[in-house]
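Residue numbers (this note's numbering), protein chains in the order written: chain A, 46 to 401; chain B, 0 to 280; chain C, 16 to 346.
Calculated directly from the structure, the hints in this document are not laboratory data.
No false leads were mixed into what you were given.
Where chain A lies over chain C, by a calculated footprint (3+ residues, C-beta under 8 Å):
#: 1; region: 134-145
#: 2; region: 153-160
A few chain B residues that don't get close to chain A, going by computed Cβ distances all over 10 Å:
#: 3; residue: Arg22
#: 4; residue: Asp32
#: 5; residue: Gly120
#: 6; residue: Thr173
#: 7; residue: Ile177
#: 8; residue: Ala178
#: 9; residue: Val187
#: 10; residue: Arg194
#: 11; residue: Leu207
#: 12; residue: Ile223
#: 13; residue: Val249
#: 14; residue: Leu257
Glycine residues also receive a C-beta, built at the ideal position from the N, C-alpha and C atoms.
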Amino acid sequence: MSATTAVRRVTFGPSPGRTTLTLGLGAVLVVVAATAAVLAGTSGIGIGDAVAIVVHRLTGIGPVTWPSSAETIVWELRLPRVLAGMVVGAGLACAGAVFQALLRNPLADPYIIGPAAGASLGAVAALLLPVTLAGWLGLGLVQLLAFVGGLAAVAVVFTVARGRGGTPVVTLLLAGYAISSLLSAAVAVMIFNAGERLGAVISWLLGSLAGASWARVGFAAPLIIISFTLLLLRWRRLNALLLGEAQAAHIGLDVEREKRILVALAALATSAGVAISGTIGFVGLVVPHLVRLAAGPDHRLLLPASMLYGAALLVLADLGARMAGGIPVGVVTALIGAPFFLWLLRRSIAGGWVSR
Amino acid sequence: MTGTAIRLDRVEAGYRGAGGERRVLNGLDLTVDRGEMVALLGANGSGKTTLLNVMAGTIRPSAGAIELFGRPLASWSRGEIARSVAVLPQSLELPAGFRVAEVVAMGRTAHGARWFGWTPGDLRAVEDALRDADAADLADRPVTELSGGERQRVLVALALAQEPSLLLLDEPTTHLDIAHAAWLLASVARLRQLRGLTAVMVLHDLVLASAWSPRIAVLHAGHIVADGPPEEALRADIVRDAYGVAVETVVTDAGRRLVVPHVPASASEHASGPGSSSSVG
Amino acid sequence: MDRPRLTFLSLLLTLVLAAACTAAPEATPPGSTDAESPTPSPAASTSAAPFPVELTDDAGRELTIAAEPMRIVSLAPSNTEIVCALDACDRLVGVTDFDDYPAEVADVPDVVIAASVDVELVVGAEPDLVLAAGNELTPTAVIEQLDGLGLPVLVLYPETLDEVYADIQLIGAALGRRPAAAELVTSMEARVADVVTAVEGAERPLTLYEVFHAEGTTYTAGEGSFLASLLELAGAIPLVGDAQGVIDAESLVAADPELILLGTASYDPSLAEPEAALETVRARAGWADLAAVRDAAVVPYLDDITTTRPGPRIVDGLEALARAIHPDRFE
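Work out the full structure: start from the sequences and follow the hints.
Below, the structure written as structure tokens:
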């Protein structure tokens, strides 16, 4: 076969068929999950009414035949919660994919270099302080301190790991572990002294979408969308990093600068997500792996697909959490994610990560 | 094509190790003209890889000047360098899940102009690279299904996809058997003709070097101690100083001069030192 | 320092602080009482026109109730009992799954399940008044969410008998049932006075009220807590733990209580029999030498619910305590 035809057939990247299938299936899953989550809940609101409420709110069409409480439930409670699930799930999965490429480590998740520990410290401090912030940007002190804490922790880790010749991946991982441990110890001390606020603290740490409001969605969504867009545009460089930093530099990547930018963008998405929903685990770790299994490691497809499947997964997990009596969604993702992760390991994902 | 490809002038480079600063390159001078082929030799730890990385711009020298194609290397951006200089590594872990053509296309990273795809120019460069590297039939193959020799061809294609003017090769024959090693050396010579490449190849094997390269530079104690055709650069005393091994020059029937290490002919002549072999051929 | 003086001092301090730090962020300590006076004084209302009424709840939040609430959601059993004691039980449209008194509330739908507030169900019940509990018993985040959805929320957290009376009157004002509330409070005060009279002059034993026990750690009345004050009224000297009510074995042995009331017996059938309870307690490390154990003064106490639920039946709890501590005074 001549090089020309072979190369043209390969077309450098996921085939249009595979792309369409992966993204299409993901989009369908998101729509189905979101619809199910808006229609389902502990108060029995009929499907027709729920749909009519959304339509009415969006377009003003239709006679209002439902009680205002139903409208409040669907529009102010369920819809923001579903959107928050989509936004946070997408952001965590996307950040997880980026960290896995950056650190060339299949066990990397968005929290690996500290944003969870930092955000936890900020949030728990806010929960225990006898101060409330009168809704700045519609957010509470907890969300703001969690966001700032997450970003600050990553900045500290990166600074600590920076050496003369750059920031080696191993050092980043170790510094991330060390700083996270330090911050977690501080959080542990605060938990011990939490007193009556213990329930609120634990609930936040386990991750929950229960308090989702339009304001919180409005805060996190733009940040995550911007971060995702900028990351997607760097798909070439993300792919190049898979060759290893040395060779990536040889084919033209300013590796240190690239690491800084990728870490900043991924940390932004992660911190925005954690700020509004607490530290939800496993989504950022498992979704990119599953997508990579099905759709390959090319970030042109991996990033958007991870967003879609991450969104769908979290919305479905939250639906399960709601129906199971209002348990924190982080519990559900752990229950789903841990067995999945074991299954991934058994498939020798770690072994098949690179070819020798 | 004439002109200087790369010139190094009293270059010093090293790193900060556990015992303080270690100077690897010390007052090194080297000039390579366009279209030349140079083999870089030196004992293990003599700094060959450091030199290669300094030439590729990935290690910054602590002193001295480097000019690449007439401009100071420090003024080149990483992307600019990648469009002119390609490095063929000794070995490379290829990421699973990609096919050969996709990996070769990564060599176009510094050229990539389109947001989500590759330009027709990129496509052509990849095709040419695969063809010139004898890897056209591998385009469709998943990178996890390559033999050692096939992988080497893919790495060559990856380097060629950058459409470099200067090709730096880091001990490319180390993991290859003799047939593949021969193929590689012949390919580099062929590509030099075909694409007007300048090639600097770090080799560990004196025999191959003297067989292949018209010019040999020997690296020892941080600088070039010999630079010229094999019979000059690989004089016995130079080699003894640089490698600590005795050599003899052999002239083949075709009149080519090869430098081979002196291997004791019998067990009683057992010599101590690096590179000696106790088995008699 | 007793409660009324403490309340006055904290009021004074708050006024001073408020005057000094006008630019400080809003301070809302959960469950604080510094913004509450013993008798809330609703403004802009007369007895002839009970609505609209402006109220300040136990969390210092100000609320205006425009009209008589007809659909009430209660997020704590004590609130439910107060509403029913004020004869407004039929107006309840949402309660918790812990509510067990009076019997009518069994028919009211639960909006709080396993201590978790289902906001959807609360909204779906279309309440015009929500009675929440302070001190994170109803999480602050939920209160904020309900606020944000425009529901009127009153937060209640009484820590003394006087505050229970105040909360009854607060809910009475909120429901337009002020006279009934005042009557209830008067009758409660009278019963309390009877108890105090009955135990007057009796020797006050050092009493440990066991709220919970696990692995060498005992939970009892916290220092300055509601339970401690009830024990005092019932004619005992309460053995108190730290602010959370925790007392470790060593401090317990050093204090050497004369009487042990097992509140845990209300939930643990194995402690319901005096002999069995005594044996269980004696088997605990270090407890065998306590005066109460040697004298077999270990009493399974089965009225924990009324003793710890700060509602109208708190007086029942006080009476039960007094009877348990001084049985000879109540024939």
